[in-house]
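> What follows is the residue order along each chain.
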Amino acid sequence: MTAPLVAPAPRPAHVEELQARIRGMQATRLDSKAVPTHPALESVLPGGTLREGTVVQVEGSTTLLMALLAGPSASGRWVAVAGMPEFGVEAAARFGIALDRLVLVPDPGRQWLTVVAALADVIPVVAVRPAGRVAPAESSRLQARLRQRGTTLLVAGDWPGSDARLGVEASEWQGLEQGHGHLAEREVVVSVAGRGEFVRSTRSRLRLPGRSLEFAPVGTDGTADVAEPIRLDDLERRATG
Amino acid sequence: MTADPGRAIVLWCPDWPIFAVCREHGLDAAAPIALTEAGLVYACSPAARRDGVARGLKLREAQYRSPGLTVLDYDAALDMRVFEPVVRRVEATVPGVQLIRPGTLAMRARGPARYYGGEDAAAAALLETVAELGVPGARIGIADGPFAAEQAARAARESSVGIVPPGASAAFIAPLPVGLVVDPRTATLLNRLGVHTLGEFAALPDDDVRRRFGAAGAFAHDRAAGREQARVVARTPPPEFEVEQHFEPPLDRIDQLAFAFRVGAEEFIDRMRAVRLVCTGLRIELDDERGGHSSRSWLHPRWFTPTDVVDRVRWQLQGAGTADSGLASPIVRLRVVPERIDSTGNHEEGLWGGGPDERVHHGLTRVQSMLGHEAVVTAAIGGGRMLADRQVLVPWGDRPPERTSDAPWPGSLPALAPASVFRERLPIALLDARGDIVAIDQRGAISAPPERFAVGGGEAAPVRAWAGPWPVVERWWDAEHAKRVHRFQVVDDDGCAWLLVRDREGWWAEARYD
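Residue numbers (the working numbering), protein chains in the order written: chain A, 1 to 241; chain B, 1 to 514.
Keep in mind that the hints were calculated from the coordinates and are not lab data. Treat the hints with care, since some could be wrong.
As the list claims (entries may be wrong) - To spell it out: a stretch of chain B is covered by chain A in this simulated footprint if at least three of its residues, at any positions, have a beta carbon under 8 Å from a beta carbon of chain A; those stretches are:
(1) 27-40
(2) 72-79
(3) 145-156
(4) 411-418
Stated by the list, open to error - Partial selection, computed: residues in chain B whose CB lies under 8 Å from chain A:
(5) 305
(6) 395
(7) 467
Glycine included, each C-beta is placed from N, C-alpha and C at the ideal position.
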């Protein structure tokens, strides 16, 4: 990227460029490689894809976690899921995770961190639900290992110093009515926060899953920011309930 | 035909499958036991036979005739495995043994008769050998050709040896039913033609039999006439790869045992490697001081290295305990038998499908050695209506079961599958507008539309949308295992969808679409 000497760029482009530079400086490794990611998540993830050696927190939705795993799995990578005994295998298969390259460790118990480290050595994308708190020292040691191995860690829970945090803020199912119909598709609002508090959190709408079990961004242009956030009554009900 | 070479000895152990099963599972052979294959009785114990159970009977009919019947699946591999030591022992007494089927052996009569000084003496020596192994009631038949000899062994009722003098075999087998030499369809046809016994069949002209029944018929005709061309073809004893180790004094700690066996494991693998073979499946047998016996097969996604063998021994002993835990009873004997052996040439690449990459395998093996064999699993989708039945978890390295998920399974859920399937269903309460629990009557109608919903005794939140009941009826023909549940889909106030189940005991959350 050249220094902006040539001509002053229009303002929004300028802001975006500065943001990109900040993000670049904050990245743990400048040349960390992209992991093939489901196209629907491009608008969600900071930088557009999962990156090798990073830790992404995924809160509140197993489907979102499966969507993150589906991309690498479809591109022929092995994926592992540790500490999630209720991980729905059938849903995973239908959302595009290849079962013959999926490894589950449902109950790693107290040794879960060691297990994750052992898995991370050989499997490029590992998802884990931590069984307890992680000390910052332990997490940074593991993260160094992840960077060295080029493994992406998805954490369904808390992780000190994660590179991005995805959470489901609102979800709305369609197809089910009062006494008839069946669940058909759902729209969720995914909130994304980047590393540190410098990158402001953004929201995106996703179809998770759509009518034919696909993942897709909702909205006209598919940009990251939602022009009109969630329906007001949802928020009100959430606040009171 | 010269005078002698056709003479054959057949050693027959009656009800071998039953004996093998009793020895393996520690059952009492005097009890009524039946082994089934494809829903039909394959073998039964003498007690069951007295009750009227016979081979080929339907399982239901057999259970009706003998209410106390213990029914087990027939396992041909087990039969073979238990018979193998008998074959070895007999081979040590009389060389050149042909295995006809588990429980039945044939050998040439000439050598043993000359060595032991007569056919009677040879038979007595063989019986003694078999009795030493604890096999009861073995019988011996000696006649011209293995077929006649086997019939002689089966016909020997009073004594355990039946000898048909040379040249008398045709007359001996003449009164036996014709079904012994031909398949059931041909046997029926022959019966309709008025041919009931082997003697009558043998009396038919050769050419006619060949024209009408083809080569197979001609072969059977020769057998029936006592002109059997088949000779005893002695088997070549397979090379021995198994290793056995006795521990004196017995070892009571897993790590001790694992250490003591390290050299044995290396020898086991090296011996195979020397002839360019790799082992992809093995069986580990352990005997403890109190007479307990543990035996298990282990498969390997690639092939076994000495460390892998030691690991398998450890896992088999360990169960859920840790590596340094003590054992219930000290181990006196350890035996490792290769079950699947393959040429090294076939293993340049992976074993199943694309082949798991070696690094992945090593990493997962490490996790397995940390947590135990069952802790690392791969998943497959099986058949079933309930979600938990549909996910089949197979320990890393074991073979996945056959696929049954392609069957229609009426009552299973539509395409959208829930992302979280609870291993233990969560108790919930689904309440109607008045705060009563929603009930479902015999006809599958709900008492009132659900309004509120609480998970595990928490606060009840409003239900946004719902649908149901969708009945699932399983095994209605079986009073003990019958299951009748109703399913609901519910969206709660946070926009999270649940799959609920109502059974006899109450409401449960089976899965969550989160």
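> Please go over all the hints and tell whether each is borne out by the structure.
Against the structure, the hints:
1. 27-40: Violated - the segment 27-40 of chain B has 0 residues with a Cβ nearer than 8 Å to chain A, which falls short of three.
2. 72-79: violated (count 0)
3. 145-156: The restraint on the segment 145-156 of chain B is violated, since only 0 of its residues have a Cβ under 8 Å from chain A and three are required.
4. 411-418: Per the Cβ count (5), the hint holds.
5. 305: violated (17 Å)
6. 395: Where the cut-off is 8 Å and the nearest Cβ of chain A is about 10 Å from residue 395 of chain B, the hint is violated.
7. 467: holds (5 Å)
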